[in-house]
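The listed protein sequences correspond, in order, to chains A and B. For what it's worth, full-length UniProt numbering labels the leading residue of the first sequence as 1, then goes sequentially. For what it's worth, full-length UniProt numbering labels the leading residue of the second sequence as 1, then goes sequentially.
To be clear, the hints were calculated from the coordinates, so they are not data collected in a lab. Heads up, the beta-carbon is just placed ideally off N, CA and C, and yes, glycines get one too. Possibly wrong hints are sitting among the right ones.
Now the in silico label distances, taken between C-beta atoms and shown as ranges [stated by the list, open to error]: (1) A:215 to B:157: 16 to 24 Å; (2) B:210 to A:207: 52 to 60 Å; (3) B:194 to A:76: 28 to 36 Å; (4) A:76 to B:234: 29 to 37 Å.
Where chain A lies over chain B, by a calculated footprint (3+ residues, C-beta under 8 Å) [as the list claims (entries may be wrong)]: (5) 76–85; (6) 196–202.
Given next are the chains, with one letter for each unit.
Number of protein chains: 2
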Amino acid sequence: MTRTHARVGPRAARARFRAGSGGPTAGLAPGHTQANLIAVPADWAYDMLLFCQRNPKACPVLDVTDAGEWTTHLAPGADLRTDLPRYRVWEHGELVDEPTDVSGHWRPDLVTFLIGCSFTFEAALAAAGVPIRHIEQGRNVPMYVTERRCRPAGRLHGRMVVSMRPVPQDRIATAIHETALYPACHGGPVHCGDPAALGIDDLARPDFGDAVTVGRDEIPVFWACGVTPQAAVMASRPPFALTHAPGQMFLTDARDEHYRVA
Amino acid sequence: MTRTHARVGPRAARARFRAGSGGPTAGLAPGHTQANLIAVPADWAYDMLLFCQRNPKACPVLDVTDAGEWTTHLAPGADLRTDLPRYRVWEHGELVDEPTDVSGHWRPDLVTFLIGCSFTFEAALAAAGVPIRHIEQGRNVPMYVTERRCRPAGRLHGRMVVSMRPVPQDRIATAIHETALYPACHGGPVHCGDPAALGIDDLARPDFGDAVTVGRDEIPVFWACGVTPQAAVMASRPPFALTHAPGQMFLTDARDEHYRVA
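Excised from the complex, chain A in its bound form:
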């Protein structure tokens, strides 16, 4: 599906997702910013916003709705309840459903956070000669829960999640520089090299997404990931939350360049 979808814009892609189509969004609507989604009851919104502020590498906030709203200025006409490929529904930290539409789960007190996603800078990485392995292999990006603790905020705590891309050794410097220019999309990597330094035992067994091949001349490079708030939900057990399914993001109308600082 990637090959077909890559040629459509974000609006058309959202329409397909609204009609029930799913799947990872890496490589879709290239040039347009993708976003993680997490919605929590208003009673938890301050804790979530503060958690994001205190962990800005993992949780750069692109937009926050008013309670009950399902629209965003990042994509006029979009419906945040239906326009993602797949969602996750959480009760007291437990995953209870994984639907393609959360209209039936919606509550009028939900505050929705859109958080920057590293898929946004993949076009810049590719242009700099970095292969995007998960797209090459038709897989979801591999994501891992690290042993790094986030700064807690109110009732929210948890560990940082990272995404991994193998980078050829002669492209490491470029990959770091290019991604650092997108601080609202996680910025530069948090670690290059030995996964054990992050407490990751086995690259072949990601916590979310799919494993990808790491070549002999490549080094695994880890970027903070917007699934981190989901890990905080799992650890902190708010009574209710909605999120995107990992790798199945919200496609905004914003251009990548909007979030490139220089």
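Dock chain B against chain A, hints included.
Quick look at chain B alone, frame taken from chain A:
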């Protein structure tokens, strides 16, 4: 005092301010990040944090305390109630006091926000050949309330405040590039050239700080300013707020490079 203070580090400068010394902080403790301060009752903290998120050029948040706390991880040992050169005390949007110590005004429900300051990137600007006119002239940086409306958040609304630095025409590109690398300190400018485009009638009459000389070959360049939350306080009239006095910032122990993205 600038000449003497420039050679001391942030800890020693804070000790002087704690002892009652005042004055603008541009050029002090060079290499160390400076911050705006605003403290509001916990009941207003979500609105303020959301206002900052929705206006990230003007209000990049560096840290948020828990209610009643007067410490920050950006400067271990510092006391946010005493260690700024001068404060402003606001009641229902009216300025009621401008002391050098707010211990007597402190409330256990205050949540304090530290917000990035453009003084932070002045060392990088100077290194790139841009004269820092307000330091040259021994004045406070000129700041202006523009006609640009901020995105409102809950009960908070107001207009964007900017600081102005005259930049030689052949240094404009460098000035934009260098400052864009500090998004947590307002990043690149919001406008270069005609002040009227921002609704500023007369550069010689700033709303805060002092006017500075603009040379014949120089263009006025405007950066979003962390006094913007004060303008929101004036416009939105929360029952109580504490802020720094414009130009008289909190000196953190963080190094400027920490906030430079590339």
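The hints, checked one at a time:
1. A:215 to B:157: 16 to 24 Å: Roughly 53 Å apart at Cβ, these two residues miss the hinted range, so it is violated.
2. B:210 to A:207: 52 to 60 Å: 55 Å Cβ-Cβ, so the 52 to 60 Å window holds.
3. B:194 to A:76: 28 to 36 Å: Between residue 194 (chain B) and residue 76 (chain A), where Cβ atoms are some 31 Å apart, the hint holds.
4. A:76 to B:234: 29 to 37 Å: 32 Å, holds
5. 76–85: Not satisfied, violated; 0 residues make the cut.
6. 196–202: violated (count 0)
Checked against the numbered hints above, the structure breaks hints 1, 5 and 6 and satisfies the rest.
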